[in-house]
Amino acid sequence: MQTELRYDRWYLPLSVPVGLGPKRSEIRVDGETLHVKMGWAFAADIPLASITGAARAHDRAFTLGVHYSGGRWLVNGSGKGLVALTIEPPVRAKAVGRSISLRELWVSVTDPDALIAACTGPRV
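Here the sequence shown stands for residues 1 to 124, numbered as in UniProt numbering.
Calculated from the structure, these hints are not laboratory results. Given the structure is predicted, the values throughout are model-derived calculations rather than measurements. Incorrect hints may have been included.
Unchecked claim - Simulated restraints, written as ranges between beta carbons of each label pair:
1. Ala43 with Met1: 15 to 25 angstroms
2. Pro89 with Ser69: 19 to 29 angstroms
3. Trp10 with Ala49: 29 to 39 angstroms
Glycine included, every Cβ here is placed at the ideal spot set by N, Cα and C.
Use the sequences and the hints to build the structure in full.
Written as structure tokens, this is what we have:
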């Protein structure tokens, strides 16, 4: 899968000094696991078998960084390229130094279609 966390140019001077910039963040598939990291503020290793839904998110995100609202975690450097992941059973993740139960994750990526395909494609 070829995609990265997406960052708006204007957000870089804010995110990089606090350790949330692109060099400290990643999204990748390794074997049967999706790894999502945004600096020190968020880290999750999600088994692909636990991702029951992956689709473009059409709602707008008005915040950037790592946020929680209404049962959903948002990890983004941009309001564009958002993908909504549904996770069942929930997995343990780290957010802002705390262990959390992750059921739904919205993440901004440079290639939403690549992430969706990696999360919903046939398992080998």
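Consistency of the hints with the structure:
| no. | hint | result |
| --- | --- | --- |
| 1 | Ala43 with Met1: 15 to 25 angstroms | 18 angstroms, holds |
| 2 | Pro89 with Ser69: 19 to 29 angstroms | 22 angstroms, holds |
| 3 | Trp10 with Ala49: 29 to 39 angstroms | 38 angstroms, holds |
No hint from the list above goes unmet by this structure.
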